[in-house]
Amino acid sequence: MATMSFREALNAALDEEMARDPKVFLMGEEVGQYQGAYKVSQGLLEKFGADRVVDTPITELSFAGVGIGSAMLGLRPIIEMMTFNFSILALDQIINNAAKMRLMSGGQYTVPIVFRGPNGPAHMLSAQHSQATESWFCNIPGLKVVAPSTPNDGKGLLKAAIRDDDPVIFLESELMYNMKGEVSDAADYVLPLGKCDVKRAGKDVTLISFSKGIHHALGAAEALAQDGVEAEVIDLMTLRPLDMETIARSVKKTNRVVTVEEGWPYGGIGAELAYRIQHDLFDYLDAPVTRVTGLDVPMPYAENLEELVLPSPRDVILAVNTVMYRS
Amino acid sequence: MRPANARQLNLVQAVNEALAMALAADPDVVVMGQDVGRFGGVFRATADLFERFGEDRVLDTPMNESGLVGAAIGMALYGMRPVAEIPFADQMLAGFDQIVGELSRYRYRTAGQFACPVTLRLPYGAGVGGGMYHSLSPEAYLVHTPGLVVVCPSTPADAKGLLLSAIRSDDPVVFLEPKALYRRAGGPVPEGDAGVPLGRARKVRDGDDVTLVAWGAMVPVCEEAARQAAADGVECAIIDPRTLWPLDLDAITQSVAETGRCVIVHEAPRTGGLGGEIAALVQEHCFLHLEAPIMRVAGFDTPVPHALEHVYLPTPQRVLAAIEATVAY
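Chains as they are written, first to last, in my numbering: chain A, 1 to 327; chain B, 1 to 329.
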């Protein structure tokens with residue numbers, strides 16, 4: 001194992017996949033000469049050249065479309081969204097072409113493309129640069145949606161996403177790029193898409209989260225353990241398709257579920273989880289599935305208000321108390 | 001019950017009547033969109049409005065959804081009440097940045113200094129052979145965005161009354177019109193220009209055994225399923241939320257508290273759809289009343305196919321199977 005930042009782990013995944021397969025290329029705003037708005041593509045232009053690390057104008061719709069076209073013709077593009085807030089401008093291409101092409105063509109075309117970049121709230125970036133976009137993508141048939149929470153998972157899942165023949169939305173977090181962690185130094189470290197990971201074992205309550213939310217859940221679990229409550233923390237890693245098997249195994253043991261996410265509550269990831277869990281595990285539940293989310297408002301700029309909007313480990317603890325009928 | 005002074009209109013005629021009344025009653029109301037003027041609307045929802053109200057009030061716009069929504073926002077900020085039509089909800093995606101980034105949050109961003117009273121009319125959904133680019137049910141993307149009121153009528157009377165309320169609301173309203181119902185059998189529509197309140201559900205049918213929740217074009221599908229279930233002695237209540245955000249949760253939970261069983265029906269793809277949210281709320285608020293898991297009957301997790309549309313869309317038979325499964329649980 002080597003210690004690496006999230007940024008370095010993602011960079012290593014890009015580097016390894018581009019070296020392995022000449023069809024893989026990176027395209028986006030500032031990915032080349034500037035080395036990436038968040039330096040995830042550091043050094044790649046020098047190593048692979050301007051044919052494979054392509055700087056684009058500020059026009060998400062068109063470079064998403066160019067990427068989709070190149071994927072249909074056999075390349076494996078990685079499209080960097082400087083932030084996923086800007087992917088909204090490319091939604092028409094992502095939903096109407098990337099997600100639908102395989103079905104529309106009766107399987108004659110696949111679209112092996114990765115859209116990646118930072119998603120969700122960072123710090124004092126206000127309403128238009130703090131959006132958690134995962135719920136929009138998770139209602140779209142044809143897409144896979146991935147959101148890792150550690151550098152190790154980031155590396156293994158990004159490599160899997162690049163190798164996948166379907167379009168993958170790969171959601172990173174600006175606030176986690178500097179986070180350090182142990183990363184496997186196996187020669188070719190790939191994690192499967194569509195599988196959860198149990199980040200902490202426990203028997204009393206299941207906390208389900210992804211991306212930055214995992215760290216709120218783990219923080220809450222530590223505090224709860226002091227109090228004699230053992231929380232199991234499940235990292236979804238892939239938000240679509242959901243790995244219900246791992247979730248079911250945990251819920252059958254704990255009978256209680258709290259979901260944790262930073263996005264908006266109404267129609268969020270927690271809603272889909274609540275439906276699936278009550279549907280599949282009705283007789284195992286001792287309490288309603290309870291959701292911890294961001295508040296249902298555009299993100300305010302002021303730091304104190306942003307703090308109020310975002311969920312915290314304390315909110316998770318309160319929700320655990322509710323589902324355990326503790327005061 | 002037949003309301004006083006009601007005539008039979010179909011849904012698209014009811015929309016047209018509401019637009020004409022809103023234009024006549026308030027000089028700040030403007031209708032705009034692709035082909036809404038001289039052509040009278042892709043679905044004829046704006047027929048004759050151009051002739052009656054003129055080119056200053058009924059504006060043909062280029063094929064540029066982002067521009068359309070952006071222009072409507074600007075007009076609303078200056079005190080007008082634009083009613084913008086995007087003829088297929090799928091094309092909303094090309095204007096989604098304006099919808100999410102500006103329309104939904106102007107009021108919030110300016111601490112209430114600017115309201116943004118835009119009504120965005122979106123004919124939506126499958127059932128007319130529109131194929132993969134002209135059949136989208138986008139409610140899950142819309143309701144997830146704070147600040148947007150999302151409305152979806154299922155009858156001509158509601159289409160007229162809710163559209164009048166939407167145009168007169170100071171908040172942005174996305175008004176989803178089930179195009180599959182535009183010309184189906186009509187219904188009684190009151191003559192006056194009274195609105196139907198936003199945020200209130202309609203109880204379509206009473207029943208003690210199972211609560212069905214559905215909106216738009218799925219309401220008649222549930223009515224047919226409920227008729228068939230009644231023949232087997234199972235009485236279904238049907239709740240049409242009519243406004244998808246803010247949701248009239250009380251109407252749903254009161255019914256589920258009586259029936260203990262709930263089936264949610266929508267034509268959007270199942271995973272990540274609005275059915276998940278409603279189920280999450282119902283299990284949270286009715287946990288001890290539930291006799292069986294909440295079920296959903298939805299479009300499949302595929303784009304809407306052209307040839308197999310009838311297989312993709314929920315049918316009375318699929319709803320009936322869910323009703324039977326929840327009763328037998």
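In case anyone wonders, no lab produced these hints; they're calculated from the structure. Bear in mind that the values here come from a model prediction, so they are computed numbers and not experimental data. Backbone N, C-alpha and C fix where the C-beta goes; we use that ideal spot for every residue, glycine too. Among the hints, a few may not be true.
Claimed, not checked - A short list of chain A residues far from chain B (calculated; beta carbon distances all over 12 Å):
| id | residue |
| --- | --- |
| 1 | 23 |
| 2 | 100 |
| 3 | 124 |
| 4 | 140 |
| 5 | 270 |
| 6 | 280 |
| 7 | 286 |
Said to hold, decoys possible - Label pairs and their calculated CB-CB ranges:
| id | chain 1 | residue 1 | chain 2 | residue 2 | range |
| --- | --- | --- | --- | --- | --- |
| 8 | B | 301 | A | 230 | 47 to 57 Å |
| 9 | A | 62 | B | 110 | 30 to 40 Å |
| 10 | A | 50 | B | 38 | 16 to 26 Å |
Unchecked claim - Take a look, some chain B residues computed to stay more than 12 Å from chain A by CB distance:
| id | residue |
| --- | --- |
| 11 | 40 |
| 12 | 188 |
| 13 | 192 |
| 14 | 299 |
Results for each hint:
1. Under the 12 Å C-beta cut-off, the non-interface status given to residue 23 of chain A relative to chain B holds; the minimum distance is some 26 Å.
2. The Cβ of residue 100 of chain A sits about 5 Å from the closest Cβ of chain B, inside the 12 Å cut-off, so the non-interface label is violated.
3. Every CB of chain B is more than 12 Å from the CB of residue 124 of chain A (nearest about 15 Å), matching its label as outside the interface.
4. Consistency note on residue 140 of chain A: stated as away from chain B, yet its beta-carbon is not over 12 Å from all of that chain's, at 8 Å minimum.
5. A Cβ of chain B approaches the Cβ of residue 270 of chain A within 12 Å, the least distance being about 7 Å, so the stated non-interface status is violated.
6. The Cβ of residue 280 of chain A sits about 8 Å from the closest Cβ of chain B, inside the 12 Å cut-off, so the non-interface label is violated.
7. For residue 286 of chain A, the requirement that its beta carbon stay farther than 12 Å from each beta carbon of chain B is not met, with the minimum near 10 Å.
8. Under the hint 47 to 57 Å, the C-beta atoms of residue 301 of chain B and residue 230 of chain A, about 35 Å apart, miss the expected range.
9. Checked against the hint of 30 to 40 Å, the pair residue 62 of chain A and residue 110 of chain B passes, with Cβ atoms roughly 32 Å apart.
10. Against the hinted window of 16 to 26 Å, the Cβ-Cβ separation of residue 50 of chain A and residue 38 of chain B comes to about 49 Å, which falls outside the hint.
11. For residue 40 of chain B, the condition that its CB be more than 12 Å from all CB atoms of chain A holds, with the nearest at approximately 26 Å.
12. Distance check for residue 188 of chain B against chain A: the nearest CB is about 33 Å away, which clears 12 Å, and the non-interface claim stands.
13. Once the 12 Å rule is applied to beta carbons, residue 192 of chain B is consistent with being away from chain A; the minimum gap is 33 Å.
14. The claim that residue 299 of chain B lies off the interface is violated: its Cβ sits roughly 9 Å from the closest Cβ of chain A, which falls inside the 12 Å cut-off.
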